[in-house]
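For the sequence shown, my numbering assigns the number 144 to the initial residue and increments by one for each residue that follows.
There could be a bad hint or two in this list.
Simulated restraints on C-beta separations [unchecked claim]: (1) ALA203 x LEU152: 35 to 45 Å; (2) GLU205 x GLN151: 42 to 52 Å; (3) GLU201 x VAL244: 33 to 43 Å; (4) MET144 x ALA180: 23 to 33 Å; (5) LEU216 x VAL250: 15 to 25 Å; (6) GLU171 x ALA212: 20 to 30 Å; (7) GLU205 x VAL250: 36 to 46 Å.
Just so you know, the hints here were simulated from the structure itself, not pulled from any lab data. We treat Cβ as the ideally placed atom computed from N, Cα and C, and that holds for glycine.
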Amino acid sequence: MDYSSAHQLARVIRESEEYRTYHTLKDEVMGDEATAAMIREYRRLQISLQMSAMSGQEAASEDVQRFSALSSLLFANPAVSQFLLAEMRLQQALADIFKIVTEAADVETGMPDFGTVG
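Produce the complete structure using the sequences and hints provided.
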């Protein structure tokens, strides 16, 4: 298989507005260690809560409360809010690309379908 198209896609991703915005904001936000630690905890809790939901288990109430409080705190900071939203936009674009590629290869991923790809 010729991987030149994959390398071209990687270059296009790195040149995209979503990628550039995300990395600019990431460098700014993650430069503050206290903020970086809160974002790492936010992500840890987010994954834990998602795993509980996917497995049909009820999440620990203290985790739900901590996630809610941390979310409010992080999204109250405009720079952090912009960073997290930019991260979500980049992740969505990458998920769309993954879906397009796996559909082209006729590969079942077992991933849920969260909408149409443009």
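To see whether the hints hold, each was checked on the structure:
Distance hint check for ALA203 and LEU152: the Cβ-Cβ separation is about 40 Å, which falls inside the suggested range of 35 to 45 Å. Between GLU205 and GLN151 the C-beta distance comes to about 47 Å, which sits within the given range of 42 to 52 Å. Checked against the given bound of 33 to 43 Å, the beta carbons of GLU201 and VAL244, roughly 36 Å apart, stay inside it. Restraint check, MET144 to ALA180: a C-beta distance of roughly 42 Å breaks the suggested window 23 to 33 Å.
Separation of LEU216 from VAL250 is about 40 Å and departs from the stated range, judged on CB atoms against 15 to 25 Å. The beta-carbon spacing between GLU171 and ALA212, approximately 23 Å, falls within the hinted interval of 20 to 30 Å. In this structure the hint that GLU205 and VAL250 lie 36 to 46 Å apart at CB holds, the actual value being about 39 Å.
Against the hints set out earlier in the document, violations occur for numbers 4 and 5.
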